[in-house]
Amino acid sequence: MNEPKRWSELAGGASPEESEILLAGVSERMPSELRGQVWSAVTQRASADGGRRRRSPARGSISAPISPQSSRGRRAPIARQRMKAMVRQVLGASWLVLFGCARLEAEVGSDPPTDSTPKCDSTAALRAYYWNVRPDDPTDLIDFLIKVENRSGSAIPLATLSVRYYFRDELTTPTTLDVYYSDTCCSNKFSFDDRVRTSVQAVSSTRADSYFEIGFEPSVGELASGDAAQVEIGYHDAAFVATSTQSNDYSFLATATGTQADWDACPGPACLPTFTNCALTLYDAGVRVWGTPP
Amino acid sequence: VTPWLVRRQRAHRRYEVTDAARVDLEPAAAPDLAFALEQREKLVLLDQLLAALDEEQRLVFVLFELESMTGSEIALALGIPLGTVFSRLRLARVAFRAALGRHRTAEDRLFLRAGSK
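Protein sequence lines correspond, in order, to chains A and B. Quick note: the first sequence uses the working numbering, first residue 20, plus one each step. Quick note: the second sequence uses the working numbering, first residue 207, plus one each step.
The set of hints was computed from the structure by calculation and includes no laboratory data.
Over 10 Å on every C-beta distance to chain A, these chain B residues come out as not near it, computed from the model: (1) 308; (2) 312; (3) 314; (4) 316; (5) 318; (6) 320.
Each computed SDA-like pair below joins lysine to any residue, with the alpha-carbon atoms no more than 25 Å apart: (7) A:138 / B:309; (8) A:24 / B:306; (9) A:138 / A:229.
If you're wondering where the values come from, they're calculated on a predicted model, not measured in any experiment. C-beta atoms are modelled at their ideal positions from N, C-alpha and C, and glycine is treated no differently.
Extracted from the complex, chain A is given alone in its bound form (with noise of 0.2 Å):
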C-alpha cells in the first residue's frame, strides 16, 4: 500500500491555506527526543508484559508494535492500563495529549474499531444506494444493483470499500451467485464485471443469517470524487426452482423500485428518496462509514 504525502507537502493536496495552517503545527511539534522518549517507555512496558504482546519490539524502537494485545478479541486491561499511565506520566499535559493522544487508551489493546461515524444521508462522504429490481415475494432470483457513490473529495481505490447486504438464506440446494453488471460513472466510465468479489457469509443476528458481500479486485483501480461504482447481482438455486422469501431479508426494501432512467438519474437530487437503504452497509478499509447492521 502507497504510503501518501503528506498533505502540507507540494502537490501533498491540501490548499495554500491549509497548508500554512499545517505547517504552523508542524513547527510547534512535540520534539523528536521527547516523542522517542514516549514510544520507548511504551514499548520497554510491552516488553515487560511478557508473552501478552504479539511479538517482541526491538527496545528503544519507535516502530516496535507496542499493542499489548494478544490476539484480536482478547483485551488485556491492566497492560492499556499501564500504558495510559505512562503517557501521561512522560508526556504530562503536553502538546500530544491535547490534540489526540487520550484516544490512545480507547485504541492501543483493544479491538480495532470497526466503525467511525456512519451515515445514511445526503452528509455522508460515501452512500450506498440500492436498486429492488425484483421485488417478487416469494422469489426464484434475489437480484438488485448498488451503487457507491464518492462524494469525499478525493480518489478512492475501490479495492477498499466492500457492501453487504443482509438476508436470511433458505435456500438449501446449491446456489450460484452472479455479477449481472458493473460499471463507474461518470467522469471516469469503465466497467469491471470479471473484477468484482462476491461471497455470501454467514452473520449471527436474529434479523439474519447471511450477507452477500461485494469488493472490488485491486487492479479496478480508483473511484474519482463525485463518480459512483454500481453493480448487480443475482442469487438463486442453480436450477431456478427453489425460491427465497425477500420480505423477511433485513437488507430488503419493496420501495426502492424505479425505471432504469431513474436509477441512471442517481446519483442526483431524486436519488435519496427512492433509493436510500439503511439497512446496506457500506465499509471503507474495514470501518463502516455507512448504514446500520442486524
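Dock chain B against the given chain A, drawing on the hints supplied.
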C-alpha cells in the same frame, strides 16, 4: 456560535493590543512580532479545526500530518490495519477542509454583519 465568536474576537483584540504596545516600545521587533502573531492565530485556528474532527480521525491526522509518523508506525502504535489508518487519514482531511470552510463562512457572516451596522 455567536458567544464563541464574540469570545474569540475579544481574545484576538487582547493579543493585538498587547503586541501593539510592544511594537511601540520596540519598533525593531515589529516584523518578528507580526510573524509571531500570525503563527499564534494559525495555531489557534488549527486547534479549532482539529477539535472539529472525530477523535479517531484526529489521532491519525495529528500523528501523520504533524508528527510525521508513517502509516505503518501509526498502524502498529494503534493496533489498527494500515488500510484503516489511510482511510481515517482521508476522512480526516475531508473533515478538516469542511471545518475550515465552515470557519471561513462564519467569519464572512460576521464581517458582513459588522459592515452593515
